[in-house]
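What follows is the residue order along each chain.
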Amino acid sequence: MKKSQFRSPLYPYLLLLPQLSIVVIFFYWPAAEAIRSSFYLEDPFGFSSTFVGLDNFKDMVLRSDYVATARFTVIFSVLVTFFSLATALLLAVTADRVLRGASTYKTLLMWVYAIAPPVAGLIGIMLFDNLVGPITEFFRTIGWDFKLGVNRFDTAFAMITISIWKQIPVNFIFFLSGLQGIPKSVQEAASIDCKSTLRRFWTITFPLLAPTGFFLLIINITYSLFDTFGVIDVVLKGEPGNNPVTLVYKVFLDGFRGNDLGGSSAQSVILMVLVLILTVFQFRMIERRVHYS
Amino acid sequence: MTKVVIDKVRKVYPNGTEALSPSSLDIAHGEFIVLVGPSGCGKSTLLRMIAGLEEITDGTISIGDRVVNDLDPAERDIAMVFQNYALYPHMSVYQNMAYGLKNRGRSKPDIETAVSKAAKLLHIEEFLHRRPSQLSGGQRQRVAMGRAIVRDPSLFLFDEPLSNLDAKLRNQMRIEIRKLQRELDVTSIYVTHDQIEAMTMADKIAVLNTGRIEQIGTPSEIYHKPASIFVASFMGAPPMNILDGKYNGNGGVEVADLGQLTIDHALKTTGKVQVGIRPENVEIRTEASQNTVAIKIDFLEELGAGRLLHTMIGSTPFIAHLDNEHPIDSDNIFAHLPPQALHLFDAETGQRV
Ligand SMILES: Nc1ncnc2c1ncn2[C@@H]1O[C@H](COP(=O)(O)OP(=O)(O)O)[C@@H](O)[C@H]1O
Ligand SMILES: [Mg+2]
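Chains as they are written, first to last, in my numbering: chain A, 1 to 293; chain B, 1001 to 1353.
The shape of chain A in the complex, shown without the other chains (with noise of 0.2 angstroms):
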């Protein structure tokens, strides 16, 4: 590569300069502060703390609503993840039989993931809405009375449910062009070679999706246990009461509606190390990326 000469040495760091700070005053400082007073009790007023060293995070894994939301972030991150690739891949491989040479669809299911998971949410909510919504009165036809915000297990089909929608379209349109990624005459060589095309999926397609489902799979995973916050808070119109929630919605309720500044910086400091296994995790994938050439 080709180096650049800069006339002064300082000028590089100078228009780097804006980036960084946004970097430091949004990300870096929030993150250190947030360490920080996962290791002070603050009043509930704010005007004074005290030093308790680990006690933040020792009272938090002691108490068993922490427990227990841990539980449940787990199962609903892995019903979101697994149910929105499934249900992606299926699509994805549905539509690539139709598309194979049609670049006209191609282009326009590149929309869904233009303006889809926006809408997607918003429309998953209103399917659910305990007056209007249509899959609740689907379900109260077929005799579950479906109660959302009431019902606690309602509650957590609905979030699952729409988390799962929303990121249906993300990982379709991956997954499809993953699938369009495979040379047709592989898939051909393979027609010859195998009579059963579930068995050529498995053999044939699903391997050579690896490297695109790795990289779905750390995103998928990433967005069940953070993204899906806005999710949680509409259907709960920010009144949790006895509803499960995630770790992520936890540290929101602790800090800002419990008022516990320490106990929950405590939990997003537990977060923080989450999302950092899960960087290191997704480089390390990428860097060993097999690249089929």
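Each hint can be trusted.
Using 27 angstroms as the maximum straight-line C-alpha spacing, the simulated DSS-like pairs for lysine-lysine come out as follows:
1) B/1225 <-> B/1008
2) B/1268 <-> B/1246
3) B/1102 <-> B/1117
4) B/1296 <-> B/1246
5) B/1225 <-> B/1246
6) B/1225 <-> B/1272
7) A/195 <-> B/1102
8) B/1102 <-> B/1120
9) B/1268 <-> B/1225
10) B/1117 <-> A/195
11) A/195 <-> B/1108
12) B/1168 <-> B/1179
13) A/195 <-> B/1003
14) B/1102 <-> A/184
15) A/237 <-> A/147
Just the calculated beta-carbon pair ranges, DEER-fashion:
16) A/239 <-> B/1055: 58 to 64 angstroms
17) B/1055 <-> A/19: 54 to 60 angstroms
18) A/142 <-> B/1055: 38 to 44 angstroms
19) A/91 <-> B/1017: 27 to 33 angstroms
20) A/132 <-> B/1040: 57 to 63 angstroms
21) A/150 <-> B/1055: 54 to 60 angstroms
To be clear, the hints were calculated from the coordinates, so they are not data collected in a lab.
We treat Cβ as the ideally placed atom computed from N, Cα and C, and that holds for glycine.
Let chain A serve as the given structure and place chain B with the ligands on it in line with the hints.
The following block gives chain B with the ligands in isolation, referenced to the frame of chain A:
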């Protein structure tokens, strides 16, 4: 015994393109037949219908004694070598070759024997544990061949398998594929746009042009008795010289800028004709006689084993192939077009007359 019968097979793609008008072709057991023609003439379409990768619009294809129209590719007992090799990128060479056998429920020791036998035949034993991406183009080509022969199918299909190789390797593989095919005695259909490949490899050639089979014959028949002006000009390098003329009804053809050419047989037509002569059949003389024309040398192309003399007859380019001994006196030369070497075609239909 595997003979292949293609009976009035036609292909119309969903977008309405008729890629192949009804065509018939019989292939005997063990025959190596080459489908040749310019790009877009429908060769791959026909091959892919035989493989089962494309729906057959009309007509029937049988392999052995089975009509295969409604069989899956995997049930047709064929193997295909693709232009870009189409190896499974996530599998080792061994796995690539074993895949088809495994799916057919062959036992592990069976597969091992078959793969190592094929690998030995193709000299790829040392690559068995590599991925395709770790191989050169020539090696991938061999693996693709290996994947085809390991299954011991009753029909080989090749779709331009050598066109991604450099010239030297291509010549070598050409010979090797042919030797292998004879050894294995498997009926083969080979698609190429390269007429040299067609001439050198085929037992029988089918020349295709815009979705039609123009001629079926041995390489020698195709070369020496082309059935149409298309075949005449497509097969052979440098191509046949073609001149426009008019048949005068009694053994002579009037050619503009040349005069009258005597021909060795009477024609049924009385209209416009086209006269063809292969460059190597043109004789260079130093004096005028019957069927000669005075020429001016535009350019001499040295081939080593001979020379190509480029000239113009009127406004038509004309090439003569000369041997090395032939001295050239550039002031006073004549091209002689022997009557028995002339090919005559109806100018309207393009058919041989
Ligand atoms: N899937 C397809 N859909 C529509 N037209 C096609 C398709 N495949 C090939 N064709 C058309 O059919 C004709 C023959 O194609 P092909 O058999 O691939 O030619 P060749 O192999 O001789 O170069 C071409 O005009 C090509 O554009
Ligand atoms: Mg082709």
